[in-house]
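Q: Just so you know, the protein sequences line up as chains V and Y, in that order.
Residue 304 in this note's numbering sits at position 304 of the first sequence; the count goes up by one each step and never skips.
Residue 84 in this note's numbering sits at position 84 of the second sequence; the count goes up by one each step and never skips.
Keep in mind that the hints are not guaranteed to be accurate.
With a cut-off of at most 25 Å between alpha-carbon atoms, the simulated SDA-like pairs for lysine to any residue come out as follows [to be verified]:
1. V:K87 to Y:T161
2. Y:K89 to V:H117
3. V:K327 to Y:E157
4. V:K87 to Y:N164
5. V:K149 to Y:V193
6. V:K115 to Y:R160
7. V:K342 to V:N290
8. Y:K237 to V:E74
9. V:K149 to Y:D83
10. Y:K237 to V:V150
11. V:K115 to Y:F81
12. Y:K113 to V:D119
13. V:K87 to Y:N163
14. V:K87 to Y:T158
15. V:K115 to Y:L153
Treat the hints as calculated values from the structure; they're not laboratory data.
Computed from a prediction, not measured in an experiment: that's the story for all the values here.
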Amino acid sequence: MKFKIKQTSLKNVALTIGAMALLTSCVNTQSDKTYENAVDIPVNQEMVAELTDPPFVPTPVGNRLAKKLIVDLEIQEREGEMVSGVKYIYWTFGGTVPGSFIRTRVGDEIEFRLKNHPDNKLPHNIDLHAVNGPGGGAESSFVAPGHEKVFSFKTLNPGLYVYHCATAPVGMHIANGMYGLILVEPEGGLPPVDKEYYIMQGDFYTEGKYGERGLQAFDMQKAIDENADYVVFNGHVGAMTGDNALTANVGETVRLFVGNGGPNLVSSFHVIGEIFDKVYVEGGDLVNDNVQTTLIPAGGAAIVEFRVDVPGSFILVDHSIFRAFNKGALAVLNVQGEENEKVFAGEIYEGIYQPEGSVIQSMPTSGSSKPKEEIKALSFEEKMKFGKDKYMATCVACHQGNGQGIEGAFPPLANADYLNADVDRAIDIVLHGKSGEITVNGKKYNSVMTAQALSDEDVANVLTYVYNSWGNNKTDVTPEMVNAVRNRK
Amino acid sequence: MKLYSTTLFLVCSILFFKATAQNDSMALVKGGVYLPLYGAAGQTVKVDPFMMDVYPVTNEEYLKFVKENPKWKKSNVISLFADKSYLTKWENDTTYTGLPNAPATNVSWFAAKKYCECQGKRLPKIDEWEFAAMANEKVADARRIESYNQYILSWYETPRTFNNPIGESYKNYYGIYDLHGLVWEWTQDFNTVLITGESRKDGDKNPNLFCGSATIGASDLMNYAAFMRYAFRGSMKARYSSQNLGFRCVKDIEI
Numbered sequence: 001m002k003f004k005i006k007q008t009s010l011k012n013v014a015l016t017i018g019a020m021a022l023l024t025s026c027v028n029t030q031s032d033k034t035y036e037n038a039v040d041i042p043v044n045q046e047m048v049a050e051l052t053d054p055p056f057v058p059t060p061v062g063n064r065l066a067k068k069l070i071v072d073l074e075i076q077e078r079e080g081e082m083v084s085g086v087k088y089i090y091w092t093f094g095g096t097v098p099g100s101f102i103r104t105r106v107g108d109e110i111e112f113r114l115k116n117h118p119d120n121k122l123p124h125n126i127d128l129h130a131v132n133g134p135g136g137g138a139e140s141s142f143v144a145p146g147h148e149k150v151f152s153f154k155t156l157n158p159g160l161y162v163y164h165c166a167t168a169p170v171g172m173h174i175a176n177g178m179y180g181l182i183l184v185e186p187e188g189g190l191p192p193v194d195k196e197y198y199i200m201q202g203d204f205y206t207e208g209k210y211g212e213r214g215l216q217a218f219d220m221q222k223a224i225d226e227n228a229d230y231v232v233f234n235g236h237v238g239a240m241t242g243d244n245a246l247t248a249n250v251g252e253t254v255r256l257f258v259g260n261g262g263p264n265l266v267s268s269f270h271v272i273g274e275i276f277d278k279v280y281v282e283g284g285d286l287v288n289d290n291v292q293t294t295l296i297p298a299g300g301a302a303i304v305e306f307r308v309d310v311p312g313s314f315i316l317v318d319h320s321i322f323r324a325f326n327k328g329a330l331a332v333l334n335v336q337g338e339e340n341e342k343v344f345a346g347e348i349y350e351g352i353y354q355p356e357g358s359v360i361q362s363m364p365t366s367g368s369s370k371p372k373e374e375i376k377a378l379s380f381e382e383k384m385k386f387g388k389d390k391y392m393a394t395c396v397a398c399h400q401g402n403g404q405g406i407e408g409a410f411p412p413l414a415n416a417d418y419l420n421a422d423v424d425r426a427i428d429i430v431l432h433g434k435s436g437e438i439t440v441n442g443k444k445y446n447s448v449m450t451a452q453a454l455s456d457e458d459v460a461n462v463l464t465y466v467y468n469s470w471g472n473n474k475t476d477v478t479p480e481m482v483n484a485v486r487n488r489k
Numbered sequence: 001m002k003l004y005s006t007t008l009f010l011v012c013s014i015l016f017f018k019a020t021a022q023n024d025s026m027a028l029v030k031g032g033v034y035l036p037l038y039g040a041a042g043q044t045v046k047v048d049p050f051m052m053d054v055y056p057v058t059n060e061e062y063l064k065f066v067k068e069n070p071k072w073k074k075s076n077v078i079s080l081f082a083d084k085s086y087l088t089k090w091e092n093d094t095t096y097t098g099l100p101n102a103p104a105t106n107v108s109w110f111a112a113k114k115y116c117e118c119q120g121k122r123l124p125k126i127d128e129w130e131f132a133a134m135a136n137e138k139v140a141d142a143r144r145i146e147s148y149n150q151y152i153l154s155w156y157e158t159p160r161t162f163n164n165p166i167g168e169s170y171k172n173y174y175g176i177y178d179l180h181g182l183v184w185e186w187t188q189d190f191n192t193v194l195i196t197g198e199s200r201k202d203g204d205k206n207p208n209l210f211c212g213s214a215t216i217g218a219s220d221l222m223n224y225a226a227f228m229r230y231a232f233r234g235s236m237k238a239r240y241s242s243q244n245l246g247f248r249c250v251k252d253i254e255i
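Okay, chain Y solo, but in the shape it has when bound (with noise of 0.2 Å):
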């Protein structure tokens, strides 16, 4: 009995080290439960624990991956998968611009999703996403927090800041970077909260969206800052890509 428990730990850190070792850039989001920008008074959302990529994909990674799948380079790439914006910085198949630490960006939900895929891992629910990015510095939501949407909120207009390098925003309560600051990211359920684009409209039409947070009674910062996101993926379509919008992936916690 003692043996097998001994072999059984063993195997566990071996495993887990393993795990460690394949998963060195990602970090663990615990999870909980929040009151989603979307949610009806008081709905909150649970969301299981995930691990996250600490980094969103950079240019060199991305080229990694067509290198390793040609299906999708830029002139092999299918259509129905990926508009004339896909990669459209890129000088030819295997040449990108800018720096090779930038995120990669131009990059559709379907091409996000494979390259997600060949790593074994997945595009995060937007649930995840925005859960994982409630955090500033120093604690798990700081959604509150006026310096944490006024951060935001200058992004907003800062421009082009799809240049800079990964890892230049500030490292998160859970050791995850660039969740605001650099680019918009994909999520896998990216559509299915609907902004129709006539935003005043989309309060009669989901008046959870509204009420839900009026009756969180926070600021409207807060609700500003998170609307864009929202607003941003209703624009968006799985076959388009845009030159501020890029990608991180995630993974479940196997138990």
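Okay, chain V solo, but in the shape it has when bound (with noise of 0.2 Å):
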């Protein structure tokens, strides 16, 4: 008698999972009816939508049915850290600069729940480019701190597109990091890829310039005479290098959805050693293909998509180069896999940009050439610690987080024969900047680098921080040794 109950309980229990596959099938998945007008296609179900921060993006739609999605995003005024040694108040969607990432299908409907932390100080709202109606959102969502809007609206034109703050002062609501993107997928979904990341573009304007230390004020000057001490990818310098930077793996396909935030510039979007196969140009229909630098508005959007052939670090740069080796707007895509010498031979030289030419040249020293108020270290700890911090901001780009240097352009500093051979070579270059052949480990490198507008401190610092990270010969660099090789003749 047990036995049967249990038998009919397995039986039912098999119907009803029948039942549901059956019906997750005809309600979940694509139906074979199209419609013209995307108002038209009916919701069902409800779904809390996947939100995630900077540089992933959450799974894709495939083929589901559009649905009542509800969105619920939290806005948070908080610190945070622009570069090493630099703090910013961010004002951020979902507590990221820029936003959390929202993926939706043409159809959907989604139920917009914005909330303003009680913390905050400002009023604040959201107007979505993905939106048709009056300020994409704006004034229905305009929410106090401490409250809750509720607002819905459909999609109806796939694409990727731009979200912001549009509260008066829209320009500082920008300024501080309060934009983010909203992918809307077509029917069916973007035919799948191996890889996808989330890049936007932002500039900064700070009381401080590039790299000062301390909690640096928005200067509403700067911003007005679009003046940028920093222009990042994902909210701050180094958001995707070192080891956090993108990874991939040879023969794998790369899909990035590239936002620009500004508030004010327009990005030169390109990927050193990389050419893409496929860009949504402005995050629309519209795909050209074999494209090298991908213009992306202020308030605009691209989707880029390129197969990785062969191994090595690939730099994402706004091809407006000062940005990138001056202000941040740099990340790196590492991809690992078989070398394949018909692609990319290696002894070609190749894929290398020299920003500054062939002769050398120097950064502008103001005058004094001393910045004011200068901190100085006091222990061997804080001279590591504030020559990481410099190392972080002046360096990296070209010699990377852990000083390996990219091979074939920029030498690495890392377990270096030539740099622990010569501390007052190593001292000069700094000051003065070197051009032409130089062997490093075996290798020969052909390179530029500028003289850099350091003080003696700085310097000091930083090639303290070099020579006692890696490997390196742990040399104490003073301040009165980089004067002495500063004033030699």
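Given two chains presented individually in distinct reference frames, assemble the corresponding complex, making use of the accompanying hints.
A: Right, here's the structure in full:
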């Protein structure tokens, strides 16, 4: 008897599962029916949207049916780090710059719940470029600190769209990081690829110059003058370098969702050493093939795709190139896998950009050349810390996070014979630059390093950091040593 | 006649002293005309003289008020007059969190209005508040001075100033503290200048907001600093309250 009951219930379970499978198949996947007007696409079921922090994106929509999609986004005003040693108060959608990535499909009905954290000082709102309606939702979403606003809209046009805060003063809200991307996939989803990432450029305006330590306030005048101190990907310098670099394997197709929050600057987005196989121009339907650099307007976006054929570090830049090497607009994609000599033989001098031309140029020095109120390192530990900050702000773009350099382009500093052989030569190169062929650890380099406008303190700190990292000979470089080199004929 | 004048003088003096005793934490704002942010080009607004609290109302003072007026205790308050965020950080009806001399925040407009009425005062009008708040330490209208605007803008970006005690920001031209640098403050007519949340459209709706400021020809900094206040006020409703929003009272001058 007992057994029988069990059997029956098992059968029931099986039946239920069968029915559910049947149900799911007809409810959740694509029907054959097509709609001429996206407004007519019916929605069924409710789903809470998966939101991700950059550089990651939520699961593709695939062939799911249109749904009522609940987007729960919290606004946070919080302190973050612009570059090592430099703090900034960011205003964020979801705690990150750019804000959380929102992934939808055409026909979804979005119920948008915008929450303004009670600790926040300011009212905010959201204007989604994916919305057909007044203000892109801005008026309906204007929310006081400690409150929540709910509004809804239907996604009608597939594409990649920017969202941002539009509360007065709009420029300041955007300049502090209030932007992100919302993707509306077409019916059936975008074609699958191997890797997808989320990158958004933004320009920042601080009271102090690039790298000046401490909490830096927003500088309205610089913003009005469009004179950016920082131009960065994903909110701060080095968001995607070193341990945080993007990764892919040889043979994979990489899709980047690239946005530009502005507030002012237009991005000339380029990946050094790669050609975009496909660009969804301005994030819309138009696909352009074989593109080197694509223009991304402030308040605009693009989807770029490329297959990575050879291993190595590929550098993502705003090809308005001073922004990349001097203001932070630089990220790294590390590709692992087998070499392919047919594609790239390695011995050809290729893919290197020499921003400063063939003669050594120096950074402009500001008269006295001594920044005001320089904080002096009092201990070896502090020297290492300040040195690391300076390294991360100035050197990392070429010599890389662990001093490994980039083969063929930028010589390594890690365990480097050339460096360890002569400390005065190293000081001289930092102070006065270097060009022409050198051999480091058995490999030839023929590049240019610019003279750096650093104080004796800074040079001592950064070189001490370099000499005491990555297997180097632990030289302690003092400001006096630097000064001696600076003053010699 | 002489006797009469002397008596009158005496009475007035007594009244005057009484008044000063009562208003010892208030300061005189002499009034005048000013060009507000929202005004049309050249359209100035006259502000009559009034007395203003030197400091915002503190936690301690507000506790005294709720003890005397139990209707305004956290557990008693009518939801029509204060939403759930009312005194949200208070542990219970009679225990606030934070410093006794930190500004009372998370108070709705209705509650703030009542508080002032109980003191024989009232909430300031936007024009009164803005008029008094134009001052820096030295001058009555500092709106074109860069350091004044920079101070306000940097406060916008300093987190959690609501925890600070009153009186730590600068003493302004009138002897008033904390109009900038501590918390936002309620005004009687906070919702009369409409910022809809769609600030760009506000430009079409109420061109005065833009034309006015453009014709002043003043720095954009000045407009930005003030814009934020109008935007904040526009986001509030009378039953709302906020962690960063306190209040102070004013009083008409009896003539």
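Q: Next step is simple, just say for each hint if it's right about the structure.
A: Do the hints match the structure? See the list:
1. Pair hint V:K87 plus Y:T161 holds up; C-alpha atoms about 18 Å apart against a cutoff of 25 Å.
2. Distance check on the hinted pair: Y:K89 and V:H117 sit about 14 Å apart at the alpha-carbon level, within 25 Å; holds.
3. Proximity of V:K327 to Y:E157 is assessed by CA-CA distance (about 23 Å); at most 25 Å being required, the pair is judged to hold.
4. As the CA atoms of V:K87 and Y:N164 are separated by approximately 21 Å, the hinted pair is consistent with the 25 Å bound.
5. With a C-alpha separation of about 21 Å, the suggested pair V:K149 and Y:V193 falls inside the 25 Å cut-off, and the hint holds.
6. Restraint check: the Cα-Cα separation between V:K115 and Y:R160 comes to about 18 Å, which is no more than 25 Å; the hinted pair holds.
7. Straight-line distance between C-alpha atoms of V:K342 and V:N290 comes to about 19 Å, which keeps the hinted pair within the 25 Å bound.
8. Annotation: proposed proximity of Y:K237 to V:E74 holds, straight-line Cα distance about 20 Å (limit 25 Å).
9. As the CA atoms of V:K149 and Y:D83 are separated by approximately 15 Å, the hinted pair is consistent with the 25 Å bound.
10. With a C-alpha separation of about 16 Å, the suggested pairing of Y:K237 with V:V150 holds against the 25 Å cut-off.
11. At most 25 Å may separate the alpha-carbon atoms for a hinted pair to count; V:K115 and Y:F81 meet this at roughly 22 Å.
12. Distance check on the hinted pair: Y:K113 and V:D119 sit about 24 Å apart at the alpha-carbon level, within 25 Å; holds.
13. Using a Cα cut-off of 25 Å, the hinted pair V:K87 and Y:N163 holds, with the two alpha carbons roughly 21 Å apart.
14. A C-alpha spacing of about 12 Å is found between V:K87 and Y:T158, which places the hinted pair at or below 25 Å, so the restraint holds.
15. Taking the CA atoms of V:K115 and Y:L153, the gap is about 23 Å. The hint holds against a cut of 25 Å.
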